[in-house]
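J.: Residue-level listing of the chains:
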Amino acid sequence: METLLPLMVGTLFAVGLYFILHRHLFKVILGLILFGLATNLFLFVIGGLSRGGSAIINEEHTIATEPYADPVPQALLLTAIVIGFGIQAFSIVLIRRVYMTFKSNNLDELQKENEAQ
Amino acid sequence: MPSDLLLVLPLLIPLYGALLCLAFWQREQWMAVMAGLAQMVWLLSTVFLMQRVLAQEVIATQVGNWPAPYGITLAADVFSALMLVAAAVIGLSVYLFSLQGLDVTRRRFGYYPLLLLLQMGVSGVCLTGDLFNLYVWFEVLLICCFALLSLGGSKGQLEGAIKYVTINFLASGLLLSGVGITYSLFGSLNLAELALLVRQPEHPNLPLLSMASVFFLVGFGVKAAIFPLFFWLPASYHTPPIAISSFIAGLITKVGMYTLIRLFTLLFISDLGFVLPLLALLAGFTMLIGVIGAAAQTDFKKILSFHIISQIGYMLMGLAIYTPLAIAGSIFFIIHNIFVKTNLFLISGVVAQRYRTFSLKKLGGVYLLQPVLSVLFLLSALSLAGTPPLSGFWGKLMLARAGLEAGNYTLVGVSLCVSLITLFSMTKIWNEVFWKPRPLAVKKDTIMAPVNPIRLWQLYLPIVLLLAFILFIGLYARPLVRLSERAADGLLHIDTYTNTVLSNNKVK
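These protein sequence lines are chains H and F, in that order.
For what it's worth, the numbering used here labels the leading residue of the first sequence as 1, then goes sequentially.
For what it's worth, the numbering used here labels the leading residue of the second sequence as 1001, then goes sequentially.
Source of the hints: derived by calculation from the structure; they are not laboratory data.
One should not assume that every hint holds.
[To be verified] Straight-line distance between alpha carbons at most 30 Å, and here's what the computed DSBU-like set of lysine-lysine pairs gives:
1) F/Lys1428 / H/Lys103
2) F/Lys1155 / H/Lys103
3) F/Lys1302 / F/Lys1362
4) F/Lys1163 / F/Lys1436
5) F/Lys1362 / H/Lys27
6) F/Lys1163 / H/Lys27
7) H/Lys112 / F/Lys1163
Remember, predicted model here, so these are calculated numbers, not experimental data.
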């Protein structure tokens, strides 16, 4: 599992970037979502994975006992996911608006139409 | 007023201002009144904050009353207070301009609350003392930027917004990765505690810090538009109407620069031997490419947009030289540039209001019709190009002197050449827009009739206000130079900062 996760993070980053570089607007959305997932997963993995540890301090102790899981990366991740959702939602609405205005899904055509004006 | 309150007010006032605006969503005029009130109170609160910071050097508070490395820290030193005052001044001027300079539809559909929320993001970035919160505030700022850039939904705006959103999303992803790496290396996110940790030479993870620093350099480099990462800026900054683009162009890239200076003086100091030459190279190319791009343009707003990039190069140059004088020069230059850039954009807006175009080919003869405006432009443009005794000159003088003292002759040479080319392209705007006769082909019925004096006065007021600031900074530079030197001193000697943040005096 520990070796699989970094590979998945890398793959997600690569696929996300590949899709963002497309000129098709729908693929750009897919790319943004995958790239966001990749960063979130990266944050999660790099915070350290510990098996069987809990993030809660036991009743009889005052400090966490080994093995314990660090709760901070999860808290960060939660915030980051919410922010990511916000931006993804915004970009989806933006791209829908672009599609309605330009009647085109192709980024190159937007450029051409703007230069023609 | 307790300093805890002073630190929280710059965040709360824009937030409550925006909420009040939303409460009056149906009535555009009430919305404008509320936004105006919020702008003025925000300016007041930042001035109070500045006053307190000057008395105590650094002030800090722990939101939620958790002790320092665990809670959410807000801290302000001279640099952040300076940024906030500058942001508040241009916020007020852009707001005044927008009363006449922006169409009713955009004003009615959320311009005021979005601008206020954007300002809240700026306050957050400048005041936060925590790496993750820095990222969060940057996102708050960016999402308001996205919305403002696409507000109104004209074709050009939508196209520019797509580029801006995509590239900044990638940059945010890199930043978040950088935050994750820093946390896993040092187990802390509090800037003050991290600063102490990276200064322990025996820390086992210290060699890996440069990995995190590269993530932050690229992430904030995109947001500050430094050399290889600036292409989104000229593509998107010229599309929205002036009341929006002047604020964004004046401030947002400088906020990126602010964080770069903050992080590279506070955290990433272990690898300076490698980073500084890299920064010097980037600074040189940023200056040069930006100004060459500007020289090739034939659109008022696009020239100004490209100039933003070249001036970011100067700010980066101060960081690359890394002496107290150089960083002070950088800070002086940032403050000067926030005012001048906003003012030039506003002037281009007044020109376009009357002539309905930004294209240099279609403009001409403005000097005959609006001599006052031409003088205002000339003073701002000369100030941007750095002619003595105006404000740009002092910033460049400080940077050049610092560069010569540090023996960085190539960089100084490049910066002086770039100043010349800047002057050239400002002369180009002057010649084409203000001086040459009106082109015959477009002579008829494109000029708007002279608008009534009250409207005109409302457009001119913010410009005159900003120009007064610029002239003050230029002709009486000593106070701001002193302040920048104090700010640079505070950045390079972090003891006061870390002690104040980590002392954990509880909120009563």
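J.: With reference to the structure, classify each hint as holding or not holding.
T.: Now for the hints, and whether the structure bears them out:
no.	hint	result
1	F/Lys1428 / H/Lys103	38 Å, violated
2	F/Lys1155 / H/Lys103	11 Å, holds
3	F/Lys1302 / F/Lys1362	15 Å, holds
4	F/Lys1163 / F/Lys1436	35 Å, violated
5	F/Lys1362 / H/Lys27	39 Å, violated
6	F/Lys1163 / H/Lys27	14 Å, holds
7	H/Lys112 / F/Lys1163	15 Å, holds
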